[in-house]
Amino acid sequence: MTTPSRDELELYVMGEHENPAAIEEALAGDEAARAFVASEACLETLLRDAAAAAAFCPGCGDLVQGARCDACGAALRPGGYTVVRVLVGNAHGRMYIARDTDGRQVALKELAFVQSPTLSAIAAFEREAKLLRALEHPAIPRFVASFEEGAGVHARYYLAQELVTGESLEARLADHWFTEAEIVDIARRVLGVLVYLQGLSPMVIHRDIKPANLLARADGAIAVVDFGAAHIQGATAGSTSIGTFGYMPIEQLAGIVDATTDPYALGASLLHLLTRREPWRILQGASLPEVNVSPALRGFLGKLVAPEPRDRFANAAAALEALERAARGERVVVEAPAPTKARKRGEGGGWRPLWLATAALALVGVGAAGFTILQRLRGGTEDTAGVMTVRSGEDIGQSGSGDGPRIAPPWELDKFQIHEDHQIVPDDPTIAEMQAAGVSRAVGSFKLCVDKTGAVIEVKRIKSTGFPAYDQKIQGQMERWKYRPITIADKPASLCTTMTFLYTFK
Amino acid sequence: MRVDDPWDEAIRRHDRRVYLSVLSLGLTPERSRDIAQAAWTRLIEQHARGALGELELPGLAIRQARFLALNELKRTKLETRTLAAMPDLPASPDAERVVGSREEIERVLAALATCSPTARKVFGLVYGKPGGNAAAAAQQLGLSLQRVRQILCETRAHLRRALEEVKP
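Protein sequences, first through last, are from chains A and B. Just so we're aligned, residue 888 is where the first sequence starts under our numbering, counting upward by one. Just so we're aligned, residue 3 is where the second sequence starts under our numbering, counting upward by one.
Take these hints with a grain of salt, some might be off.
Incomplete in silico selection of chain A near chain B, CB under 10 Å [said to hold, decoys possible]:
{"id": "1", "residue": "Glu897"}
{"id": "2", "residue": "Tyr899"}
{"id": "3", "residue": "Val900"}
{"id": "4", "residue": "Arg921"}
{"id": "5", "residue": "Val924"}
{"id": "6", "residue": "Glu931"}
{"id": "7", "residue": "Leu933"}
{"id": "8", "residue": "Leu934"}
{"id": "9", "residue": "Ala937"}
{"id": "10", "residue": "Ala939"}
{"id": "11", "residue": "Ala941"}
{"id": "12", "residue": "Gly948"}
{"id": "13", "residue": "Ile1109"}
If you are wondering where the hints come from, they were derived from the structure by calculation, not from laboratory data. Since the structure is predicted, the reported quantities are computational estimates derived from the model, not experimental observations. Positions of the beta carbon are idealized from the N, C-alpha and C atoms, including for glycine.
Please put together the full structure from these sequences, using the hints given.
In structure tokens, the structure reads:
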């Protein structure tokens, strides 16, 4: 073989040459080439030593010269743990897989803050750590440690938990069709965990049950993970409002949670697994979507996701008991709810979807299954965009009857809207009034009707925000909203809807 | 001789490093490979006899291989530019040389910090991971193998220049 070029010799030393045998043959009789290879091997050895001494980001792979990657912000060795991999990351923090000094792997959750955390934020973190430390259930990851690093805007709070290996039910949906037997099994296992949580004193509410937070382990067990949203009854009220759009019941948006909240989210999750459609798409009509399951299971699911808390199972234990009956083929009795004004008017009851407008929501994660909403309210831990107004709406039925206005969900009416702003912020005196009253949110619902020419013909308060001035402002602005002429299936139509306004402030 | 799995794993992870350390002494690739293999064999035997305390790898294997290589170079009276600089029995690293290496490593890392983010990532994936190579880096970064090799060569050239600049 002819004398190899320097480039070829370099590639050989790097272990990247396509034909190393040919290079070695040439080297046997070429002392100059061998000397060059020896020199390159020295460099190669030095580079490997340098790489061994260096730190590379477990998230983006870049060279790290401090405690944290300058490129992506991932930590390297928080609290003595060595980060192995970054599982997920967003503006609020990250989830790492890390190793402790004994080589054991843990799931390490990092909370970050855009502004210096307040005392109440620190208290909330400590409460969560205390809660996790107290939990002891084979389907809940064991608490390992909690600690903090840094100060001010550099503060980072960490929770280390047992690393649960398994596939989330959300991921499993990609290539698996769940059978009725599997759904019953998942429901039984998760309800078992919820019964445990609700049996604690004070009761613990997970608040973010969804397929992404249910991990199927290799042995078939289901682990319930991510207690970052967990709520201790009577302890954290008013500090945060957390949940995942589509899975949480509507009242959770206003921070109202009780023993029916998690079973509702479980029901929504099970329907997602069964139908492969996100709950916010299917929990809209007056009845459950078509699901190919036994009547007994259908009744059970219907009661889990009943729109009114009073129509649901009272708690997880009652749901579990009913599930066992349903598994035996017994029908679940769905008690008829008390008639509401809407029903009396013939507008129908049924499942009310939560609808969110394009307001400044702090979206923690966006996935196929829906939106995870993390609203930090005043006294909460961080960092939504200051004052925030969320307009939401709810469907009050599928359609009207006769020649009267058709009842529609808010987004249907939105298609015809001309005006540009959905957000209606209370005036300063009202905000001062709220602050004086120690209220961090106001929720009110209004009926809106628009005729076929696009003129607003009715705005009616259904539920007051609790602040008359704010009610008047909302009502006044809604009356000035402008719409294009409305057509449904190419025919002029009048539409009515109900819109719910949620105003929160830090 | 039976080779236990941990040794298989250790050889898989560190053999290239041991081989390069011998090759850098100017031996032929074939002899370098034989010596690297002999070094591993000796370590496994010593370990089986309980003659080794703490197994510090790949340092122990490298020292063993270089010891064998230097013996061979002495025996054949082969002159190499590195022979005179090496201790007779490199069982423990020479203090001066270690300090020199540290300085060189710091220079390499300082020069690496001035490379592009992609070059730094390629470097980390190829040199910073056990069994790392251009193909794995290409797959992880979504680049072609040829492009990764090109980046590697450019980075090496940059680092080589940085090392040569400070040499007297």
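Hints and how they fare:
1. Taking 10 Å as the C-beta cut-off, the interface hint given for Glu897(A) holds, the closest approach to chain B being about 6 Å.
2. A cut of 10 Å between beta carbons decides the hint on Tyr899(A): the least distance to chain B is about 8 Å, and the hint holds.
3. Interface hint at Val900(A): satisfied, since its Cβ lies 7 Å from the closest Cβ of chain B, which is below the 10 Å cut-off.
4. With a cut of 10 Å, the hint placing Arg921(A) at the interface with chain B holds, because the nearest CB-to-CB distance is about 6 Å.
5. Interface hint at Val924(A): satisfied, since its Cβ lies 6 Å from the closest Cβ of chain B, which is below the 10 Å cut-off.
6. About 5 Å separates the beta-carbon of Glu931(A) from the nearest beta-carbon of chain B, less than 10 Å, and the hint is met.
7. Annotation: interface hint on Leu933(A) holds; nearest CB of chain B at approximately 6 Å, less than 10 Å.
8. Annotation: interface hint on Leu934(A) holds; nearest CB of chain B at approximately 5 Å, less than 10 Å.
9. For the restraint placing Ala937(A) at the interface with chain B, the shortest Cβ-Cβ distance is roughly 4 Å, inside the 10 Å limit, so the hint holds.
10. Evaluation of the Ala939(A) hint against chain B yields a held restraint, the C-beta minimum of about 7 Å falling below 10 Å.
11. The interface hint given for Ala941(A) holds, since its Cβ lies 6 Å from the closest Cβ of chain B, which is under the 10 Å cut-off.
12. Proximity of Gly948(A) to chain B holds as hinted, the smallest CB-CB distance being about 4 Å (cut-off 10 Å).
13. The beta carbon of Ile1109(A) is not positioned within 10 Å of any beta carbon in chain B (closest approach about 32 Å), and the interface hint is therefore violated.
When held up to the earlier numbered hints, the structure conflicts with hint 13 and nothing else.
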